[in-house]
Every structure is written in C-alpha cells, then in structure tokens.
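Asks: Take a look at the letters that make up each chain.
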Amino acid sequence: MIAKLNLWWMIFRISLAERLVYRGDFMLSTFVRFLPIITQILLWTAVIGAGDSDNIKGMKIGDIIAYYLLVTVARAFSSMPGLTHGIAGEIRDGEIKKYLIQPIDLIGFLLVKRIAHKLVYYMIAFVPFAIVFFLLREYFSGWPPVHTLMAFGASLLLAFCIGFFLEATFGFIAFWWLEVTSLMFIYMLMNFFFSGHMFPLDFLPDWLRNIFDCLPFQYMAYFPCAVFLGRMTEAQVIHGLWIGLGWAVFFCLTANLSFKWGVRRYSGFGG
Amino acid sequence: MPTIDVNNLTKTYRVYQKKEGLWQAIRGLGRREYKQVQAVRSISMQVQKGEFVAFLGPNGAGKTTTLKLLSGVITPTDGNATVLGHVPWKREDAYRRRFALVMGQKNQLWWDLPAQESFRLLQKIYRVPEDQFDNTHNELIDLLGVQKLLGQPVRELSLGERMKMELIAALLHRPEILFLDEPTIGLDVVAQHNIQKFLKHYQQERKITILLTSHYMKDITALCQRVVVIANGQMHYDGSLSGIIDEFGGHKNLTLQFPEGVDSLPDLDKYGKVLEVQTPRIKLQVPRSEVGAVLASILSVHPVDDVSVEDPPLEDVIANVFSTASNKEEMAST
Amino acid sequence: MQHQKPPYAAIFWTVARNSLIREMTFRVNFIAHSIALMSWTGLQLVFYNIIFQFRDSIGKDTGWTRYPFFMFLGTVMVVNSLMQTFFMPNLREFSEMIRKGNLDFVLLKPIDTQFLVTFNRIDWSSMANFALGLGVIVYSMIQMHYMPTPLQFVLFPFYLLVGVSIYYSTVLLMSCSSVWMGRNQSLDQLWFYITTFSRYPMEIYQGSLGVPIRWIFTTVFPVLLVVNVPARVLAKPLDMDQLPLAGYAVLVAIAGLFLSRMLFKFSLNKYRSASS
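The listed protein sequences derive, respectively, from chains F, G and L. Sequential numbering from 17 applies to the first sequence in the working numbering. Sequential numbering from 81 applies to the second sequence in the working numbering. Sequential numbering from 11 applies to the third sequence in the working numbering.
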C-alpha cells in the first residue's frame, strides 16, 4: 500500500515538474482567452437593453456576465485538453503496450498526471483569473454564503471527475475505432451547447431544462455556475450534486470497462 | 562569358540569441542580442557551360547557402554574381525560368497527390507548351523508369522514388542550370546509383550545367570532373578530383603481405605509421616521396609475398583537407 | 513570349482541381469536416433563436430584428467560409514557411510570389458553410417577403469581396509579421480573436467599453467593416448613414491590399537577407 502511494506520489511530482517548464507563454494566453468575454458583455447589454425589463428569465446583465466568467472557471476544471487525443494516439501507435507491460494502472496514472497538470495550471492561471475577476467585480453581487461556496467546490470536483472519465472513455473507443477525431469534434460542439458553455441554460424552455438536468453535460459548466450565483434552492443543489455524482461514477465505470475490454480485444489481436 | 561568374560572394546573417525563462523573454522584446554568422566568405569562381561541379564540405560549410545565393532565394551581404547573365537575387522571371533547384531534404510535390498532378501545375507555372511538356515528361519518365508510379500519391513512394519524381519536376521546364543539394541523402546504394546514372546521362545528353553538393564521395567520383572544397564558408580547393589527392594526399598506403605461418611480424614502425595489422598483412602509411626507399629497404630485409601501393581513400584525404582548414581557421582567430 | 504574363487563371484552376482531387481521396474527412462546420453554424442559429425569444432585436432600435439579423449571420458565414476556403490554409502555411525557413521553392518559381503563396491550395470542405450561409440569407428574405433590388444584387457580392479583401490583408499582414516575431503564436488563434470582434453588428459596440473598441476595429484593425458593410447593403439598404461607411470600406480594402503587398515584399526581402 505504502509502496503504491509512493509510486503515485512520484508520478505526481514528475508531472508537476514537466508542466512547470512551460509557464512562460502560459499567463499571456490565459489572459487572451478572456477577450471574447468583452463581446459577450456588449452583446448581452444590447440584447437586454432592447426590451423593457432589465432581465431575461431573472438574469440581469450582471448575472449573465458573472455567469460567463464563472463558466471559464468551471471549464478549467472539466475540460481535459489532449486527453482523448493522447489516449487514441497511443492506441494507434501501439504505445499503449508500454502500460500493459508495466505493473501500473493506466487510468490511475493518467488521473494523477492530469491532477498535477491541473494544479500547475491553477497556480499559474490564478493571477490572470484574479485580475479579470477583480476588474469585472461590479458584475458580481458579493461573495455567496459559505455553504454555497462548499457546494460550489464540490460541484467543481464533480465537473473534473465527469470531464476526466468521460473523455478517457472517448479515448478508449480508439481500441475499436481508430479515427476518434471527428467524433471528438462533434462531442465538443455538443458539449459547448449542452453544458451551458455557450449561454446560461436558464434561457431554454422548461421541458428542455428538465431533460438537461438528467444529462451529464450541464454538470461540467452550467451547474457549478448556477450554484455559485445562487440560482437554485438548497434542495435543487443537493439533488444536482447527487445526479452529478451518479454520472461521475457511471463514467468511471465506462472508462474502466472500456479499457479492460479494449485491452482484451487488443491482446486478442496479438498487436 | 562563363555561365556562372561569382566574385567575392559573401553572406553573413544574424541569429537571435534566445534566452531561457519568462523574464529574459520579456527583456528580449526590447533589446535583442544577435550573433553574426558568416555562412559564405568571399567566394569567387567561374563555371562554364556544360560543367558538372561538386561542392564538397562538412555540414554547415556554406555549400547550401552558396546554391541558394546562386538561385536567388537569398540575397548576399557582399560581392556579386551573374548566372546566365542575370543577377540571381533580382529574381527576374526570365532567370527563374532557366534553372532549377532540387533539395534532397525538402520536397515540392504535393504530398497527398500523384506526382502527375504536381507536374501539371508546374507546367502551368513555367508556361511549358503542351507538346514540349509531353516530350520532356515522357522522356524523363522513361529514363527514370517510373511509369508505374505516376498514379500513386507521393506520400506512398519510397525515398528514392520520390527523389526521381522531384528530379522530373525540376527538369520539366528544361532548365539550363541545375542546382542539386544533397540529391542522394538518405537513399540506399541502389537508389543512389540509379540517380547518379540518370544525372550523368542527362547531363551529357543535354549539356546542361550542374552544381551539386553531396556528402557521398561516390556521387562525386561518379559524376564530377571538377570539385570545389568549402569549409567554414571559404573555398579551399578548386580543381579536378585527382588533383585533390596530389595536393592534399601527402601519403600513400603500403600493404605488405607476409608468408603464411610467420609467427611474429616484423616491427615496421620506423618506416612509417602502421595503420592496420591483420596477420599476415600490415598496412603502412608512408610519405609519398619516401615510398620507393621504404619499399626497397623492407624488401631487402623481410620476406614479403605481395606488395601493393595505393592512394589513401578519397574520404580520408577530404577529411584531412577539412581538418587543416578548420585548424587554419583557429590559428587565424587566435 | 518572353514578356508574356504567366497564366494566372490556368494556375489557379489547376490548384483548385488538385485540391479537389486531394480532398476526394480523404472523403470521410471531407464529409466529417463539412458536417462539423455546419453543426457549429447550426448551434449559432439556435443560440440567436433563443435570444429572439426574449427580445425583438439585438440592441434597442437598431433594426437588427430576427430576419435582418439572420441575414447578418448568413453574411458572417459566407465571408468566413470564403476566408477558410481560399486564404486561411495558405496564409497559415506561409507563416509556417517563414518560421521554418522553407520558402525556397516558392521563391524559385517564375511567377508572382504573393500569388503563389496565396493560392497554394484550396480547402473545398469549408465551402459547406458558404452554401449554408447563402441558404440562411435566402430563407430570411423569404420570411420577410423581401426582394433585393438589382443594385443590391450587384453591391452585395461586391462588398463581400471588399470584406474578404480586408480580412485577407489583415491576416497577410499578421503572417508577414512572423518574420520579425518568429513566435509560436499561431495564426488561427489571432484569426479567432479577430472574428470574435467582427462577427457582431456595429451597433452593439456602445458605452464606455464598446465605443473605443468600435473605434479600434474600424480604424486601426478595420475588421468590423468586413461583415457589417455587406450585411447592411443587403439588410438595411435604406439607411443613408451607411453611405460614408460603404465608401470608407472600399478605401480601406484598397489601402489594405496595397499595404499588405508592400509588407509582403518587404518581409520577403528581410527573409532573404536574414536566412542562410
């Protein structure tokens, strides 16, 4: 057990060091990523200003901007750049063999590596994030209460887990179907829309909202933001956390099973 | 008037000294530090029509830069040159239609398409009339034996086949001058030989002028009457291939075959440098002027079955030229 | 014979044909790429449809009600697809070539280098959005029972061309700058940020934040004109205040093409004296 923990700790440290090398351009590119927020502010100001009320479905301009800002935070947890492509690439080039020989659990390895990368990202991206949030602080109505913050933290963790296991599952599909790139692109588009990355899901008609509540997507962007902005009752928050947890467990299973079956199929080929 | 006339051609360029780290990168935005690199230093030469000239030199000696200067891709820092009466770096269309450049390391054909489609495009770009295109094209395809490969995407061709296609692409507009930069790099012996055979044949047939750089001595011995040795951007030799050995190969290699069953071979150190001992054979390096004397004295003392006297391999001579060149360089700079 | 112009049209057609052959050999990719582009566009349409559920127009009294605005969106798609089909892949490759010192073959050819760089290949799969954009425009017209005048039929394509020229010059200027910058910032990222600002009607740039942005993107980087001018010609033909804007756009396009060509030549010279 101790040996195993030691191993994970080592993987974690190596990944951390690997990531820190690139810190240079990093901050700048994080800043630049906020540029589209400007056009969002202008667009929604214009949209809201065109009507008589100062809100859409109870969201004022401040709420909408705060929402878009928070979405960038949620996406920082749930997006897994390079995960699917990395796995699919290793399967295609046969690099995956390396992990099958070594006494190491591939999914665990990827997870630890990803956590390390994410932590470095948060450390470096904290500065640009803080500056942008500070500049646009007028759109927020103060800090939410502590228990909301805790629920927000939990929802971000769930967002990370769902994102990780979902994209890992996509990667393992490459065991059966080598070209996952186009599949991935369609998934990213869907995710952009269904997760609430594109606009607050509150604007959807109620029947659609009810369906989205049950799908995994919104737990990767919309849900954490809605929690933070206090747009849900306590019961709804708890309900949502349970569903999110359910999806996280579900995708954890699909990732592990698809890996297991994929390896069986792979070694069946004698590849 | 020579086809290529080069006078004191010089090319210097700066490389940006990149610094590590974010802070250095930010500072680099304001003030940058550069290092001057002299790729070609004051080269002068003339090439007549129909010559096949080889540029020899170690990596980074300035061979490729010279070819690029002559083809007008880059502009020199100093000096002048005319090729076919044109100044290359003015890049007149009239000049650019009269030569071709082939680089072993880069390809100009469309990667995913059959070479045939790239040929068609080049026909349009070089304004080759239809009948002339057909003639040249068919002739080249026959010579290189690539009929069957025309329909295959270039990416599926082997390196050697790809080089053949690159050559066809370069020759479609019937250039009067051909610049070849490492045309056989990475090819296996058979493919190398095929390319050499083709170049030799084509050059004799068409009487075109060819400048070639290569690492392979085989290319050069097979093709070129004239060799230019470049090291550190400077010319160190310009003349015939055999002349290099006369000028730089100060030694001969002496191989002595002793009778079978001789247990101990005589100590020959005093006669010259022992290169190799393979009982019962010894290889000895002897200064050219002393070959006769050494041979006579050995034969008078030891029983020898067989003797051969050879020039050292060209590679060794050339390596010798390069190392003396860079030694001179160091001497001059200190 | 010696002074005859190179047959640019013939070269263009050969490139177009070769590109098509190439894309047909990767048929699955071609279809997947088209579908992906079209789904992205579809999502945009859904997004704005949702907005129009709550408001009648984008901005108060701007005239950008549902169908005029959809004409605007259609214009965005058409302009962007033209850029992606003809210019973006080539300019991307050009800045790669500069960075890696790979311009040799381009510089050797006896035709205009800018032409060769600009029409190196064509990405036909991006034309899917062109058709879709035109479809959206026509659909909106039908919904509005609106028939453009003959003048508009001439002016719309003309201003599309003006818009694409402005985009083209902007991207060419940026890719030329890789001679100096040599940075790894990819052209696509820059392109993304440009289109982020140019794909909205000018009217949304209001207030202390919007006015400076509008100013910057109509003068320094005049990309706001690219979509706005042709879309206005089609959707808001009766606005008299757009006349100076339309004239200005033409001037900007000409100046842009001129400037970018100058910089292109300049950067080639710089490249040729700086590399070995």
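FYI, nobody ran anything at the bench for these hints, they're computed from the structure. Even for Gly, the Cβ is constructed at its ideal location relative to N, Cα and C. Treat the hints with care, as some may be off.
[Stated by the list, open to error] So, partial list: chain F residues that the calculated Cβ filter (under 10 Å) puts toward chain L:
id: 1; residue: Ala19
id: 2; residue: Leu51
id: 3; residue: Ile57
id: 4; residue: Thr61
id: 5; residue: Ala66
id: 6; residue: Gly67
id: 7; residue: Phe201
id: 8; residue: Met214
id: 9; residue: Trp223
[Stated by the list, open to error] With a straight-line cut-off of 25 Å between C-alpha atoms, the simulated SDA-like cross-links for lysine to any residue are:
id: 10; chain 1: L; residue 1: Lys280; chain 2: G; residue 2: Leu379
id: 11; chain 1: L; residue 1: Lys110; chain 2: G; residue 2: Tyr93
id: 12; chain 1: G; residue 1: Lys186; chain 2: L; residue 2: Met107
id: 13; chain 1: F; residue 1: Lys73; chain 2: L; residue 2: Thr123
id: 14; chain 1: L; residue 1: Lys70; chain 2: F; residue 2: Thr270
id: 15; chain 1: G; residue 1: Lys204; chain 2: L; residue 2: Thr123
id: 16; chain 1: G; residue 1: Lys186; chain 2: L; residue 2: Val189
id: 17; chain 1: L; residue 1: Lys280; chain 2: G; residue 2: Tyr93
id: 18; chain 1: F; residue 1: Lys76; chain 2: L; residue 2: Pro99
id: 19; chain 1: G; residue 1: Lys353; chain 2: G; residue 2: Leu379
id: 20; chain 1: G; residue 1: Lys287; chain 2: G; residue 2: Gln128
[Stated by the list, open to error] Ranges between beta-carbon positions, derived for each pair:
id: 21; chain 1: L; residue 1: Arg271; chain 2: G; residue 2: Asn87; range: 45 to 53 Å
id: 22; chain 1: F; residue 1: Asn226; chain 2: L; residue 2: Asn59; range: 13 to 21 Å
id: 23; chain 1: F; residue 1: Lys73; chain 2: L; residue 2: Asn279; range: 57 to 65 Å
id: 24; chain 1: F; residue 1: Pro97; chain 2: L; residue 2: Ala26; range: 21 to 29 Å
Asks: What are the numbers of the hints that this structure violates, sorted from low to high?
Replies: The structure conflicts with hints 1, 9, 10, 13, 14, 18, 21, 24, although it agrees with all the remaining ones.
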